[in-house]
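Chains A and B, in that order, are what the protein sequence lines are. Quick note: the first sequence, position 66, residue 66 per the numbering used here, numbers continuous. Heads up, the numbering used here is the position in the second sequence plus 1000, with the first residue counted as 1.
It should be emphasised that the hints constitute simulated quantities derived from the structure, not laboratory data. Do not take every clue at face value.
What the hints assert, rightly or not - No farther apart than 25 Å at their CA atoms in a straight line, the calculated lysine to aspartate or glutamate pairs in the DMTMM-like style are these:
#1 A:K147 with B:E1378
#2 B:K1530 with A:D188
#3 A:K498 with A:D508
Each chain, written out:
2 protein chains.
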Amino acid sequence: MVLDRLQQLTHQVNATAPAPHPFDPLTTGEIDAAVALIRKEHGPVNFNAVTLYEPRKAQMMAWLSNPETAPRPARAADVVAIAPGGKVYDGIVNLDEKKIVQWEHTPNVQPLITMEDLQEVEFIVRKDAKVIEQCGIIGIPPEDMHKVYCDPWTIGYDERFGTGVRLQQALMYYRPHVDDSQYTYPLDFCPIFNAETKQIIHIDVPSVRRPLSKASPNNYLPEAIEKEGGFRKDIKPIHITQPEGVSFQVNNRTIDWQNWNIHVGFNYKEGIVLNNITFNDKGNVRPVFYRLSLAEMVVPYGNPEHPHQRKHAFDLGEYGGGYMTNSLSLGCDCKGAIHYMDAAFVNRAGASTIIKNAICIHEEDAGILFKHTDFRDESMVVTRGRKLIISHIFTAANYEYCVYWIFHQDGTVQLEIKLTGILNTYSLNPGEDTHGWGTEVYPGVNAHNHQHLFCLRVDPNIDGPQNTVFQVDAVQGPGEPGSEENKYGNAFYAKKTKYTTPLEAMSDYNASTTRTWEMANTNKLNPYSKKPVCYKLVSREVPPLLPKKGSLVYKRAGFARHAVHVTKYSDDEIHPAGRHVPQTSGEPSNGLPAWIEAAGPDCSIENTDIVLWHTFGLTHFPSPEDYPIMPAEPMTLLLRPRNFFDRNPVLDVPPSYARSPSQISSGKSDCGCQKNDGSSVLV
Amino acid sequence: MVLDRLQQLTHQVNATAPAPHPFDPLTTGEIDAAVALIRKEHGPVNFNAVTLYEPRKAQMMAWLSNPETAPRPARAADVVAIAPGGKVYDGIVNLDEKKIVQWEHTPNVQPLITMEDLQEVEFIVRKDAKVIEQCGIIGIPPEDMHKVYCDPWTIGYDERFGTGVRLQQALMYYRPHVDDSQYTYPLDFCPIFNAETKQIIHIDVPSVRRPLSKASPNNYLPEAIEKEGGFRKDIKPIHITQPEGVSFQVNNRTIDWQNWNIHVGFNYKEGIVLNNITFNDKGNVRPVFYRLSLAEMVVPYGNPEHPHQRKHAFDLGEYGGGYMTNSLSLGCDCKGAIHYMDAAFVNRAGASTIIKNAICIHEEDAGILFKHTDFRDESMVVTRGRKLIISHIFTAANYEYCVYWIFHQDGTVQLEIKLTGILNTYSLNPGEDTHGWGTEVYPGVNAHNHQHLFCLRVDPNIDGPQNTVFQVDAVQGPGEPGSEENKYGNAFYAKKTKYTTPLEAMSDYNASTTRTWEMANTNKLNPYSKKPVCYKLVSREVPPLLPKKGSLVYKRAGFARHAVHVTKYSDDEIHPAGRHVPQTSGEPSNGLPAWIEAAGPDCSIENTDIVLWHTFGLTHFPSPEDYPIMPAEPMTLLLRPRNFFDRNPVLDVPPSYARSPSQISSGKSDCGCQKNDGSSVLV
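All chains should be modelled from the sequences, with the hints used to inform the complete structure.
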């Protein structure tokens, strides 16, 4: 009924200030206004999140198609707060009417752990008598406690403590010197922190103790490299410049580039959210995606020894990909002409805060877009491509995730993720066997096997919201070699399987058929191929969830059980592991499995408004070259138009060089066109 | 015994001119010398190939390890010639001793089809009475025969004509205007050309005729685009410049870059061949690969209707990736500071010829190499990477293959292939059903389903030639959730299976275990992980060969039956579909299957000199956006060092920005180091 109430609410346009776009993240002013209203009505609470309560889709679609006359969706804030005593409240504030439209106590959940929550643990750990005692046992004297560090993680789920008490586990490390990397000196015990009482309530101590490593530091910061002989001097500069500026226009948060139009949103959990993505097809603005985001991820570690099973971070749902985003103010992360966007959040005390340059938007040369040479006369064309990259980078304790949303001129959308940063490490005694659950990447340093499984949420809008998902398998034709129908045995075709229900749509990757998935609009056929217009998901890094069926991770990360799930669209189904992820037991499994159960696994997802959830990623068995800091490992997937366009949509990109048969036969080999970098054609 | 004879031969260093490196392709002078010797002894022959007869590995390894005193391998030419009457001769000429050491008639084979062979067919087709008759039947009057074109292909294998007679099949097209793309006007019949008699000996005519399409042209050259409204004008220039030049040194054909040392060879079949690839690991020059090349490929089409089964081109073995290589003299294919290399070949008449700028060598910025920020104090490092790209582009009739050998600073070797150019097309009547074997990409234009399957030949030299291949599968640990050994069900590990014989090594990709393959030196363990040093093949675009077991393609393309084969090294095993590919029946299957059979499928490939053959590629179901010219579709694989280095080997690459905890606490946040583009650090 919250929904109903909001359906009614429409935005009163403020005559003086331009109203934010309904998809825009909350401004600091809006955050402050929401906080003030809640303070006023509900007194002192700690704020966990104040973020955009996204416009209801039905109302938003109406407004998008008719912004002049359709009611403008209200600006609203989605609030998570923790009252004294740890009571969690979920609220919605209508900012146009300055009214709290929802304020509900949500029992037995834990909202995500903020950076502020993380920051306070280390100081408490250092002063805790039992921690000091444990440090002593492995060889760290009390006077060295300032050299003890910890990466606080949400506890995930520990059946001994359940969900009621807000907890963190402290992964312990040591730094001989403040500039040393602590990951070379992992400590073998794990304190558990109560976020309400600010106390260490328990310490998990292994049966086999592992004294502090005596190995020399293994560092990556410049001072250490200088000591080791310094930096290589044989790299000559590459300058990338755009003297005339960029090829895109930014109107507030809406970007126009090479026929694409994209609204760039951002929130504390998912980070970048791309909305209302359209492609201008020869003057016809065609909707492609209503919303794209990285909605969740899980990083299960493969060491079965207690308490390592607790290491399976949901970095988005438990910490927030937005909250952990790097400020790119220092530059150096991108080259060329960069357009940055900031990100606004609330802090625990209710003040609005800003991450400067949270989002980087820039163009890159994309190499050859297309080329052909006629072998007869060397008539030819070669055209270079461009790409638009919308990126952010977030740091999850030891690890870095660089997220690149890449738009290509030919209608392809690419999601690339680069993994870098530092391996999570645990201590290993000299000569101790890792039992294959990890790799000794440096003396005394055990880097455990792990997976990075991401969940891409695709809300397709392929020429409208009425879409259908097909599984496409490359298969052999009928008939054995020698048979009449397949005499030479070479027949093969694309076998398409329509998903009519969420149950059918629970599907895994199949490399033997190089499986892809098509999001199609069956109401619109390509005039030439007579096939439905669609976008195809091409994704090859699709490992299965390795934790077994019935395991803790399997239960908590329901979205990761299959490469693809498809659900009927629902406004409130954004987070596939649930709204509040920390300390969920997985019984029942929140998010996708619960939604599918509730809507009915046999409900129709055919020719209707649907959402496709894609789990992809990689399995990482560490090796010494990943240490002490990991060279970036890239991973990518594509969303490609198929039977969507009547024709290659980039033929009008100016070629670098072209010459026609008649130009050659007449001795003229200059195409008379410009290179697409503006300089004149080479002949 | 040819081999024995050559083992003896060593190079007499010419005091005056510097001798070519033993891996260097033949110079024009060497080609001319070989031709002269053969002319003198064997009179008039047509030359099909005169290329480097590669040094025998044993001798070459000895020389590489001791160039001062070990005998220098002889320069020798590998010759293929066709004598009058079509007799094929395989010869070897020792260029140092000016002596023909082998000249053998090879019965019942057909050497590859050269560009000269292809060029002559169209003229003959246009004059052939029966072709003119067939054109008339589908609506092309005799006076328009100059508008008739053909793409001549090797016939592949047609049981009606066998191997004895040298044949080509002419895929027929029509151009309304000389500047129109003929692929929009495919003709429905297929003449067969006898290369000896220069006659059309047969025409395959379909039972259902397909009159010439009346559709308007669908073109991509600038004049046509201008007529349709011209080029987009909203692309601003991106300039990529290297004011201080490139970061690599080229010594003849040997490249030094970022600890890599690579010899760049080139031949008419494989195109780029990379030899003696080493990595300087802190002063220790370590061998990595003896030889890398794209050794073969096959492009099976999936339409079972006769005669389309003949469309399964082996573009390297049947035409030559080197022979078909584009001259990049016109530039525009790469940006930045480019180093080019030419390619020298022989023509039919025996004259040496040159393709200018056949190979492009350049550097590119590679984005973030590594980054980490400490959430405590925002101490951090971010370092940008570089890549070195050695590339060539070849045109196989309608199609373009852009081949990029990419070297990364962290020891990774990447092979990227971009597919572009034009779809092979066949005619379709209005309303005719494609039966799913193709897609109507434009009225009357049927683009058939096809695969592109490439065979990467890897001759590993991982700290020496004694290598072993392991299959690595990510698998779940033993014990169900709740069991003592795997209480939380999260156990997983890397299961390694040693290949001891070629039979065991015949393996396919398995996505459910994200299978990789390791080329390891089991004689050398990583000091920390205690695992063998190795390079891992990470390849995800690995479709199975879709033509069925026992099919024509299955028999002819034995290499494509599995993702991986491993063989014991043999000097003469380079071409996995055999030395002479055109018109092979596949009975027996040449190349890999024959070699494995001959050496014994159970011979040992453990801890010895081995070669890994990897088949990868993609399955292409065309769609209208691929037409009239295809936006480049990329495909990539990685060869990554694992347990090879003691540590991340790029820590000494100057960071773009860094600041240490102590710098921050002391208020200094400038790392005092240079950005790796030479400019000073941002603060």
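Hint by hint, here is what the structure shows:
The hinted pair formed by K147 of chain A and E1378 of chain B meets the criterion: a straight-line CA distance of about 18 Å does not exceed 25 Å. Annotation: proposed proximity of K1530 of chain B to D188 of chain A holds, straight-line Cα distance about 22 Å (limit 25 Å). Restraint check for K498 of chain A and D508 of chain A: satisfied, since their Cα atoms lie roughly 15 Å apart, inside the 25 Å limit.
Against the hints set out earlier in the document, no violation occurs for any number.
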